[in-house]
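My request is simple: use the sequences and hints to build the entire structure.
Chains as they are written, first to last, in numbering that gives the first Met the number 0: chain A, 0 to 325; chain B, 0 to 300; chain C, 0 to 448.
These are computed hints drawn from the structure, not numbers from a lab. In this text the structure is predicted, and so the values were computed from the model without any measurement. Ideal placement from N, C-alpha and C gives every residue a C-beta, glycine not left out. There may be inaccurate statements among the hints.
Stated by the list, open to error - In silico lysine to aspartate or glutamate, DMTMM-like type, Cα no more than 25 Å apart, as pairs: (1) C:Lys361 / C:Asp332; (2) A:Lys35 / B:Glu197; (3) A:Lys35 / B:Asp60; (4) A:Lys154 / C:Asp281; (5) A:Lys216 / A:Asp229.
Stated by the list, open to error - Coverage of chain A stretches by chain C, computed from C-beta distances (three or more under 8 Å per stretch; other residues unrestricted): (6) 90-96; (7) 140-148; (8) 264-277; (9) 290-300.
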Amino acid sequence: MAGITPDQIITAVVAVVGVPLVLLGYIILGEQVIEKLPDRIQEWIRPYFWALPAVGFATIFMIYPLIRTVIISFRNSADTDWIGWANYQYFFTFPDTLTSLRNSLLWLVFYTFFAVFFGLVIAILVDRVRYETIAKIAVFLPVPISAVAASIIWKFMFDYQPSGTTQTGTLNALLSVVHRDPVAWLVNSTTNNAALIFVGIWTATGFCMVIISASLKAISSEVLEAARIDGANEFQIVRLVVTPLLWPTITVVGTTMLINALKTFDIVYVMTNGAYNTDVIATQMFSQLQHSHFGRAAAVGVVLFLAVVPLLVVNIRRFQQQEEQR
Amino acid sequence: MSAERVTIRQATGVAGAVSILDRFGYRLQRLPLHLVIIIFCAVWVIPTIGMMINSFRALPDMQAAGWWTTLFPPHGFTFASYQQVLAIEGVVPSIGYSILITIPATVIQLAIATMGAYAFAWMNFPGRNLFFIVIVGLMVVPIQMTLIPVLQFFKFVHLSGTIPAVWLAHSGYGLPFEVFLLRNYLGGLPREIFESAEVDGAGHSVRFLRIAVPMTLPAIASLVIFVFLGIWNDLLVALTYLGVSPYRPFTVVIAQLTTSFGGGWQFLTAAAVMQMALPLAVFIFLQRYFVRGVTAGSVKG
Amino acid sequence: MAEVLARRRSRVVALSLGALFVLAACGGGGGSSGGGGASSTDVTVWTAWGSAELKAFQDVLKPFEASSGIKVHLTTNRDYAAQIVNGIQAGTDLPDIAPGPSDPNQVKDQVSKGALKPIETALGDQFSAYVQNTYPALTTPPAGASDDLYIAVVGGKHYEEMVKTQVKGLIWYNKKVFTGQAPTTFDQLLAINPSQYGASKLFCAGFESGAASGWPASDQIDNIIMRQSGDQAYTSWIQGKTKFSSSAIKQGYQTFLKEVSAANVFGGANTVLSTNFGKAGDPMFKSPAGCLFLEQATFITSFFQQDFPSLNLKAGTDFDFFAHPSMGNSQYDGNVNGFYDNFSMYNDTPAARKLMQYMVSKDAQQIWANDGGTLGSNKSLTYTDPVFKRAADVAGSAKNLLVTAGDYMPSDMQAAFWKSLLNVTNNPGSLDSELAHLDQVQAVAYKSS
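Right, here's the structure in full:
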């Protein structure tokens, strides 16, 4: 296998230095030209000019392929005939795909709720102790880890040995300490979805916590003091004062988590590959691709996209409100 | 003694006793708080530590007993797994390729995203909202859907199987999220600063370069970390566009290290630890910027 | 102030234009894609092999590179099949040599697109020697047929060359534990009492294999069906012409369930489903022994040895196998389950041809045999390992060397098939609903959409 050639290093350095410089030149030169144009034309042309690189990239790598994908979803896999809604029909009637839909729903609800809830709880609790920083680092640690590494970590935690033999998995070892039978977490249908979703929650909570914590710190202490003087106890303060104030942040974080839940792939793929009814939409799509069912895979992708549109509408509305306040 | 003095002495005594009880009671009340926090920390930290410990064990040991047994003698620590991974042909260069892929890809997409976000945030044009919805909607499109058209595109521009192709692909896939975040952040900057600069005769390029960008640096800094780690940890994009090229990054090589029938945990622990090392180091040393940036971008309004 | 700004601006402009030129120049030069073209000095090979198999292949390649001066660029890629399919669709570069597709639809498709090149061309005048020296079942379509998609014979031409073989469905045991006589029928096998030999259960099994979990289960059921219902029924089932809910296949499932029942298998369903196939046999070598038998293919021997380095397990003295017992229909006893590794040529270059010719030469084949853990495709190799010597006999004397069913079904059928085996092992009561579901999948999967 080749080692790294000087050629490649030079290209990389040129890219790192050159691209920003080129963009700089693009902006400066471009503006010099634009400013010479009559005002009305300026107003019209300038935004497109500035947004061009970003929009260009998005078009080539995402918009055009997406359109192609929507088209493919109405054609057969060999791309020779139109077959109308057949792929979508398959998706909504076949047991396999329906299971993946159900599981994605489970992820949507539980992953999102608990990641945000735990993030909120931890943020509020650690705010009151002196070792706050260390605790926050501990909970945040899983976030920069790749999903694949996290899956490996938890595969060891969930490891199963026959009952009566030494347990190598941490969870089953704990069970054996209290004299209970080991559980095959990833195989047993009652526990496996919960196990996978928990791994997802484990990787995401730190993210939610950090963002909520920053918001929390921004709440003025006077408000809290006033509530305390009024006789509210800590629980009431959290419920009636803090949470409402944090609500905007919670929605931002919640929306991000919802999107993540729909996109979940790595964890399920590495830990169970969707076996024993743990399939989710993204893994289902991957299998369709592997079997060269491009049309069906495309249909799944489109459904996924449509599921996200409401979330985006919410985000856009929020942004518009934000703008009005400016 | 007068009744008053007795009362005062009694009162002080009782008050003293009450205050000790008070403090003790306060600590006792705090016990559940500490307990809950410690349990959370344990659940969030111990699994990772367990795997790291496992990476320093020999395979037969790993299959015989859990990682906690190494805490007691005989410890059985060994670098065998690491040595094996590093000795495999192509592993060490692949770490270099990971770096060669990650840094330029990060720089390219952030430069472009910042420009684009500025336009979406501060310029009014028809179709702006629609465009924005579309760009942000793309954040959810699974990458698998874009594979074949993009592969064809690379062949068309003679970039198949090259590292620059992966730079472009990552940029294309990452831009939506970055434009989203940066627009939110840029949109939150005070309008007055831009307006007064405009009154002073500063054109858009000056306003962008000398006002918007410097003020956005916290968000950009944190994005740099997010994006960098995202590309470092990426498997799918590299696998697709570099899967069989000699320029594969570390993640792809690890994924391909298992036997053709699956299994081979041993490799995965040591390799996973090595792969995790960089992100963890980045996080530990740049943690403050990371957190500051992350929150600055989201805590507006 | 404005002047200063203007001057700085122009400096930046100049710098960035310069950068643009440099970028363009360098971009043209460096980072060119990996080679193609009709090379006589380099050849690219993709395989899915890792670990021991990869090492064996590298051993095979070394003398070739040394004597021919041709450089082999070997890449291990578990997803090579999907990448090749994508590559053919997108028109991108393909490797010179890679394993051929196992999905018969893919074989037909790739041959019709001209992606696969005939072995007759690759081997030239060595082709007839190749056919003569290889196990006949691997190169000859069944009597009367001109084509056989399972061995990639299309339009009378061959598109895959066979390089390694395995025999499956062998019953392995620890010679120090099971000292009885090898049963000849399945009923006799089931009647053996493990505690007589100090073991807790009759069978061990392990079906976990990452994304491919379930394939060892399919091996077990294949070996049952081919002996219970015969090769014709077996082939018709692979081709999707026999339903899963038919009596033959259902009977196969029911017999399979006996092998993995809680009474017969070590650790019950949970263990079977959570244990990786490579570790499945470990309980045989522990004391007390967890089980007597493991059904697996010839490659499992190296797994036994690597898991117990301190025991220094030797083939023939410590462990051995007996052939899969009869299911009661003697006319089907000659059906043996095997599989083979193969290579196809995607780019016809002089260097690729040379490598294809080398890989089926006696020298290369013998290296594979010597490295252990596999049979070559060549009939007349010498095996020092007593186990492999006997396995070669089994392969040679088989009436029909039948392929692994799942491998030759459309890929989504195979995936559903594997999953169904995992599900019924987990929950035997779900057999009927699983079979009904498989019928549903079968109805759609064999249509070429």
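So, going through the hints one by one against the coordinates:
1. Under the criterion of a C-alpha separation no larger than 25 Å, the hint pairing Lys361 of chain C with Asp332 of chain C is inconsistent with the structure, at around 31 Å.
2. Pair hint Lys35 of chain A plus Glu197 of chain B holds up; C-alpha atoms about 16 Å apart against a cutoff of 25 Å.
3. Using a Cα cut-off of 25 Å, the hinted pair Lys35 of chain A and Asp60 of chain B is violated, with the two alpha carbons roughly 75 Å apart.
4. Of the pairs offered as hints, the one joining Lys154 of chain A and Asp281 of chain C holds, with about 20 Å between alpha carbons and a cut-off of 25 Å not exceeded.
5. For the suggested pair Lys216 of chain A and Asp229 of chain A, the alpha carbons sit about 21 Å apart, so the restraint of at most 25 Å is met.
6. Given as covered by chain C, the segment 90-96 of chain A passes the check, having 3 residues with a CB less than 8 Å from a CB of that chain where 3 are the minimum.
7. Residue count for the segment 140-148 of chain A with a Cβ under 8 Å from a Cβ of chain C: 0. That is fewer than the three needed, and the coverage hint is violated.
8. With a threshold of 8 Å between beta carbons, the proposed coverage of the segment 264-277 of chain A by chain C holds, since 4 of its residues qualify and at least three are required.
9. Here the segment 290-300 of chain A counts 4 residues with a CB under 8 Å from a CB of chain C, which clears the bar of 3, and the coverage holds.
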